[in-house]
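Line order of the protein sequences matches chains R and W.
For the first sequence, counting from 1, position 537 maps to 537 in UniProt numbering; every step adds exactly one.
For the second sequence, counting from 1, position 122 maps to 122 in UniProt numbering; every step adds exactly one.
Every clue listed holds true.
Since the list gives no way to pick one copy over another, a pair counts as held whenever it fits inside one copy or between any two copies.
With a Cα cut of at most 20 Å, we get these calculated DMTMM-like pairs of lysine to aspartate or glutamate: (1) K212 <-> D182; (2) K110 <-> D91; (3) K203 <-> E179; (4) K203 <-> D245; (5) K110 <-> E564; (6) K110 <-> E557; (7) K110 <-> D551; (8) K339 <-> D432; (9) K212 <-> E179.
Simulated from the structure, these hints should not be mistaken for laboratory data.
It should be emphasised that the depicted structure is a prediction, and the values quoted were computed from it without experimental measurement.
There are 2 protein chains.
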Amino acid sequence: MSQPRAPYEARASPGPCVERQLRSIDVRTSIATVSLSGSLTEKLTAAGRAGFDGVEIFENDLLASPLTPEEIRARTADLGLSIDLYQPMRDIEAVPEAEFARNLRRARHKFELMRRLGTDTVLVCSSVSPLAVDDDALAADQLRRLADLAQDFGMRVAYEALAWGRHVSTYDHAWSIVEAADHPALGTCLDSFHILARGGDPKGIEDIPGEKIFFLQLADAPLMAMDVLQWSRHYRCFPGQGGFDIAGFLGHVLRAGYRGPLSLEVFNDVFRQAEAGPTAVDARRSLLVLQEATGLAAPPAPVAATGVAFAELVTPDVEPVTALLGALGFTRRARHRSKPVDLWQHGEARVLVNTGPAARRDGTSLAAVGLESPDPAAASRRAESLLAPVLPRRRAPEDAPLDAVAAPDGTELFFCVTDRSGHPEPDGWTGDFVPVPHERLPQYVARIDHLALTQPWHQFDEAALFHRSVLGLSAQDSVDVADPYGLHRSRAVTNADGSVRIALGVGPAPTDEGARAQHIALATDDVVTAARRFREAGGRLLAMPANYYDDLAARYEFADGEPETYRELGILYDRDAEGEFRHCYTETVGRVFFELVQRDGGYRGYGAQNAPVRLAAQHLPRRPGR
Amino acid sequence: MSQPRAPYEARASPGPCVERQLRSIDVRTSIATVSLSGSLTEKLTAAGRAGFDGVEIFENDLLASPLTPEEIRARTADLGLSIDLYQPMRDIEAVPEAEFARNLRRARHKFELMRRLGTDTVLVCSSVSPLAVDDDALAADQLRRLADLAQDFGMRVAYEALAWGRHVSTYDHAWSIVEAADHPALGTCLDSFHILARGGDPKGIEDIPGEKIFFLQLADAPLMAMDVLQWSRHYRCFPGQGGFDIAGFLGHVLRAGYRGPLSLEVFNDVFRQAEAGPTAVDARRSLLVLQEATGLAAPPAPVAATGVAFAELVTPDVEPVTALLGALGFTRRARHRSKPVDLWQHGEARVLVNTGPAARRDGTSLAAVGLESPDPAAASRRAESLLAPVLPRRRAPEDAPLDAVAAPDGTELFFCVTDRSGHPEPDGWTGDFVPVPHERLPQYVARIDHLALTQPWHQFDEAALFHRSVLGLSAQDSVDVADPYGLHRSRAVTNADGSVRIALGVGPAPTDEGARAQHIALATDDVVTAARRFREAGGRLLAMPANYYDDLAARYEFADGEPETYRELGILYDRDAEGEFRHCYTETVGRVFFELVQRDGGYRGYGAQNAPVRLAAQHLPRRPGR
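Okay, chain R solo, but in the shape it has when bound:
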């Protein structure tokens, strides 16, 4: 069980060469219980399992818990967690004396409670009370008296400026009051959200003595121009998921000499609803990435994928899948030595069709992706160090040792090396496949252009951070796409040369079953020919409405007959500053459909502007004849 520290014990002071020393600093990680969903017990369990060192206990979580403070103390200790902070005390300072007497009485109760909990630091937020006056000397005096009381209990007080505090709303103002109070049991608490949301310059943090920064709360947030209180209470997110420079912020705090825990305090409407376990893992991953960015930790370096080796479909009903692949010009090239898995290929696009037991669960779905990796083992070590679940492989003794992890949406990601042109490579995965005779067909698909994967509603932010940090991909901006039944969002993650592109999507609500679609986009340099061949081979293209083509003709000038061809085949068109994009869609099998895409002249998007039309078409009952 953790013991309360002496409140005014001096913390290590930083030397001049802070950056070089950082690696050797033993940084503790912590999370506020308010960041997680569920009962206090669920929150603590999730934090412990995710590997946090400590927690902040949010008062309302304690009040609502049937556990006594002693039981909470024992539970956290069992989980390997310390209680780093009790929070918050509100509306304490700069109030009339009679009110302050009531506040001290309340504080005494809370210090007694904290003693039972085994924690020694309390957060005091700058007052929002209408009783508070704008008088720094009074605030300092009352905080000093609060600190006196704290000291009697072996406790310390961390005073924080709320961004919407009535009279104190900036960190330097809070610090100046703490400095004036000059009490060993009184320090300040810094919160990245409160400081960065106001657009304040965090550089001044370096002027605060590190030992007087009693606590550090970290939260990111998407950059939004909105009321700061609403922004804070509903939209905070974990570092790296929003728009603030949290690494830069943390650098200032470390240079000031702060050596306490890095603690996440995130109020977020979605996390409140999400399962606590995955959220806690997401949270700790965000801290690991932040520690890496600030030189506090050095996990194995990212190994960026260099291409898509394969996409794996699992299906309980193989006929519609193979019919679709056949019409798309894929041929069955090989079968797995020991599993019910076939390799279908067209150009460099490879699709595995797995009819094993996993297929029973969900119907036809895209269950796994093979990522071409220059060093699969290193990629796997990176993933594991960032808390990606490493998947056990049931394999025959002679199979290649494939490294695989699970993405937040459950997709299995394999790090692998593709043997090309019959020269098996040491780590090659294709060696596990036995070639089968196959027809030589005209090749009009070059490779997999991108994969589109719908994410669980509660894990959209997590998914982007996962793909960036674990897989070394870059995330593009999130875009809204209007489906007839609600707004979808989509965010692409890619590698530098665009040979790996994954579009992460999310539907409008947790309930939306229609938003579970996944698709595989195949690159071609002539989508018209590709579409015609597909149709001639018996494939069914998704028909697009005539009104779309009338609009296209209004917006762009095409060569004679071009729009008519697009209309006939259901080809959509987009253009950006760099180039053009032509694309069309197959029918859907289970959760999965295919797209044929032709990129010309450096077009970098995904045809998002056409997505509402495509989504509407996918809702229509299938029409005969196409």
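Position chain W against the provided structure of chain R, taking the given hints into account.
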């Protein structure tokens, strides 16, 4: 089928006594298809069924529709709808000549399309294009040339300032350009959101000649300090559901002499997901209320309820319900003459227990509320005029004719008169009940204090508007309440003396089954005695955590023993500027539980600050012994 009007046909000009004339103005109502969910067909059907006169066709809805323009025209005509506007054309004006030539080409296509649709007015939004220059003369010149083209097609152009337009973002700026262009086929379009969101003074609208206001779009929005584009695209709502003074705004527009349609254009993430039918009804109700507020219509006056006559529980399993009522001191006083319905009563609190076939559907739930009405027939006429579904009554010939409507959540609302002290009143509902012998028990419940009804996730805004407009209640502010598994919201609607109080709640997500709870709060002047009697009679009170009481003792000074009593009984405590509130909860049967509440000294709330603790306790497994 509607015929295009001549574009520059003069509209009736307003005389000096506009207000007195308004009642006689035949105002048409319209709705933009973007305000509703689904395919274009679904949207049109919903608008037609809700009784709108016309629609604005949002371009993307047309593009995504498989219907041809002629089919859309025929469909709208069948539904009794005209197409009042085609929208939007973007980025037309103040651009280099080559770009403008392309824009005219695009416009020609659109005018041809509009001819096929049978509509004569197009919305042009002020440009957001990076190509646009800040040159009003150029803008006026190009809009004049666009209007020339429109005129050739018998069309007219309504130019609107987007709040985030690149160079034109206010209505008076847009009007000055229209005025300078001076073309009969060019007018302006006013949008309440774009004008009010920027805090502009709408009074200047009266200086625009009414016949030059070609169109009027109405949208409300909650008052939020946020980026105006995001605010507009995601959070608009129907008039009366937000914070803008839409009636005042409309007054200016009518005084200017505008006599065109009142059209709703609402971009809202929730409405996009909700069923189109109820949303369209909600939308038209909002316009009816607005028409009433501006003197354009005079529906039957509201008849405010004067009390809660009864709450009706339906149950497939009567034993747990009657056991709970019995423990709460209710006695069975009467049975319905012809239906399987019993009347239970305690003080003036009446609960009907219905074991008829309706009970099978949902388990035990609060299915109906009787509202004491000074004039049930007038209340019903008011409700019907505001599109509340009037419920058919299957009744025996001798039963009193009860007027009932359905609330958005499906709750049946009866307007009724309670016969008191054995003097049957002409409209009395109790005359249908036959008294049964019953024990005389001590009476410690005075009446029903309030009812709490969880609303369907998509209909929270609609519910508040319904209760205000149809029932003549006032809505209080919405408050957030933290459940362990997500934020709930709650908004109370009340009559003037607080004898009718309904707390409308909504869970964090459409999926949340736990958020379907309903409860009946019973007023007592001594909650401690009431709780003890309930427990002595075998009732089970919801146990509250000890930590809550420790906190209570820290926050308030109580008489000796008081917190201990509360702790023993699970009584929660709150205080506001006016008074005190003590309350406790029973166990839950089906969807329903009871609350015992004691209000002292004018406390007006519902103990929202205790709700997180209560919600957490309701998630806990039931403990023995309470």
